[in-house]
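Undergrad: All chains, full assembly: derive it from the sequences and hints.
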Amino acid sequence: MGILSERSVFFKDMFSLPPDSEPYEGFPLVVEVHDSPDDWRPYLTAIYEWLYFRPGRNTKFEIVAVIARMEKDER
Numbered sequence: 001m002g003i004l005s006e007r008s009v010f011f012k013d014m015f016s017l018p019p020d021s022e023p024y025e026g027f028p029l030v031v032e033v034h035d036s037p038d039d040w041r042p043y044l045t046a047i048y049e050w051l052y053f054r055p056g057r058n059t060k061f062e063i064v065a066v067i068a069r070m071e072k073d074e075r
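Each residue of the sequence shown is one higher than the last, beginning at 1 in the UniProt record's numbering.
Worth flagging that the hints you see were computed from the coordinates, not collected in a lab.
Incorrect hints may appear among the rest.
[Stated by the list, open to error] Each pair of labels, with its calculated beta carbon distance range: (1) Arg57 to Phe15: 28 to 34 Å; (2) Ser16 to Gly56: 36 to 42 Å; (3) Pro55 to Leu17: 34 to 40 Å; (4) Gly56 to Pro18: 22 to 28 Å; (5) Tyr24 to Ile3: 22 to 28 Å; (6) Leu17 to Lys72: 20 to 26 Å; (7) Lys60 to Pro23: 38 to 44 Å; (8) Val33 to Gly2: 29 to 35 Å; (9) Pro55 to Asp35: 36 to 42 Å; (10) Pro18 to Arg57: 40 to 46 Å; (11) Phe61 to Phe27: 33 to 39 Å; (12) Pro23 to Glu62: 34 to 40 Å.
Each residue gets a CB set at the ideal place from its N, CA and C atoms; glycine is no exception.
TA: Here it is, written out as structure tokens:
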């Protein structure tokens, strides 16, 4: 199991889907998301960098809100 699957229900569910028999534009799986790259950046950073929210570091509310919303959306 990869780091994305271990730390995110969204990715765990996505990677557990059976591969489609029909590729889309030459690729086996396409997942459309409606979040902006600016939303994905802090979310993926939080997944990959376990010290992203370390004690004593000031984190902007906007970043915490994006991550909280994306976590809520995947449930």
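Undergrad: All hints, please: hold or fail.
TA: Comparing the hints with the structure gives:
no.: 1; hint: Arg57 to Phe15: 28 to 34 Å; result: holds (31 Å)
no.: 2; hint: Ser16 to Gly56: 36 to 42 Å; result: holds (37 Å)
no.: 3; hint: Pro55 to Leu17: 34 to 40 Å; result: holds (37 Å)
no.: 4; hint: Gly56 to Pro18: 22 to 28 Å; result: violated (45 Å)
no.: 5; hint: Tyr24 to Ile3: 22 to 28 Å; result: holds (25 Å)
no.: 6; hint: Leu17 to Lys72: 20 to 26 Å; result: holds (22 Å)
no.: 7; hint: Lys60 to Pro23: 38 to 44 Å; result: holds (40 Å)
no.: 8; hint: Val33 to Gly2: 29 to 35 Å; result: violated (18 Å)
no.: 9; hint: Pro55 to Asp35: 36 to 42 Å; result: violated (28 Å)
no.: 10; hint: Pro18 to Arg57: 40 to 46 Å; result: holds (41 Å)
no.: 11; hint: Phe61 to Phe27: 33 to 39 Å; result: holds (37 Å)
no.: 12; hint: Pro23 to Glu62: 34 to 40 Å; result: holds (38 Å)
Checked against the numbered hints given earlier, the structure breaks hints 4, 8, 9 and satisfies all the rest.
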